[in-house]
Amino acid sequence: MTERPFSISGELTEAGHRLVQRVYYEDTDFSGLVYHARYLHFLERGRTDYLRCLGVEQRELVSADEEGLVFVVHRMEIDFKSPARMDDVLTILTHTEKAGGAKMVLNQQIRSGETLLIAARVIIAVINAKGRPRRLPETLAAKFLEGSQPL
Numbered sequence: 001m002t003e004r005p006f007s008i009s010g011e012l013t014e015a016g017h018r019l020v021q022r023v024y025y026e027d028t029d030f031s032g033l034v035y036h037a038r039y040l041h042f043l044e045r046g047r048t049d050y051l052r053c054l055g056v057e058q059r060e061l062v063s064a065d066e067e068g069l070v071f072v073v074h075r076m077e078i079d080f081k082s083p084a085r086m087d088d089v090l091t092i093l094t095h096t097e098k099a100g101g102a103k104m105v106l107n108q109q110i111r112s113g114e115t116l117l118i119a120a121r122v123i124i125a126v127i128n129a130k131g132r133p134r135r136l137p138e139t140l141a142a143k144f145l146e147g148s149q150p151l
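Numbering (full-length UniProt numbering), first residue to last: 1 to 151.
Possibly wrong hints are sitting among the right ones.
Derived DEER-like restraints, expressed as beta-carbon distance ranges [what the hints assert, rightly or not]: (1) S7 / I78: 25 to 31 Å; (2) R135 / R22: 35 to 41 Å; (3) L40 / K130: 22 to 28 Å.
It should be emphasised that the hints constitute simulated quantities derived from the structure, not laboratory data. The beta-carbon is built from N, C-alpha and C at its ideal position, and this holds for glycine as well.
Model the full assembly from the supplied sequences, consistent with the hints where possible.
Set out below in structure tokens:
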């Protein structure tokens with residue numbers, strides 16, 4: 001059997017980024033379902049690994065120039081469609097809707113097989129190292145928009 005290369009950071013696809021994660025006991029509540037706040041962790045991992053796969057190193061951005069560049073979540077809309085359970089294998093999908101000015105808009109989904117569990121729209125503010133808004137450099141905005149199709 002031929003093994004396929006595997007990256008713990010997921011993979012870039014024509015639609016954006018795809019990350020696979022398993023649900024562990026620590027992710028669930030007393031009912032055996034994934035605790036609602038844990039979905040934020042899965043979504044964050046999806047966004048972080050999306051950046052990583054694009055070649056964007058957040059630690060380097062903060063000191064890349066005299067101003068620094070940081071991404072922070074400004075707003076998040078989450079629709080909880082269906083619950084996940086322990087041992088489910090989840091797919092976290094992330095794609096860029098908008099990147100420019102001082103913000104980005106990312107759309108994310110969490111799926112178990114073909115079943116949509118979570119749909120999220122995340123508005124990311126772009127700030128400098130002192131916490132003030134700053135423009136997203138055009139070269140970086142282009143990276144986020146390149147090849148990212150709606151989910």
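Run the structure past the numbered hints and jot down the numbers of the failing ones, going up. none
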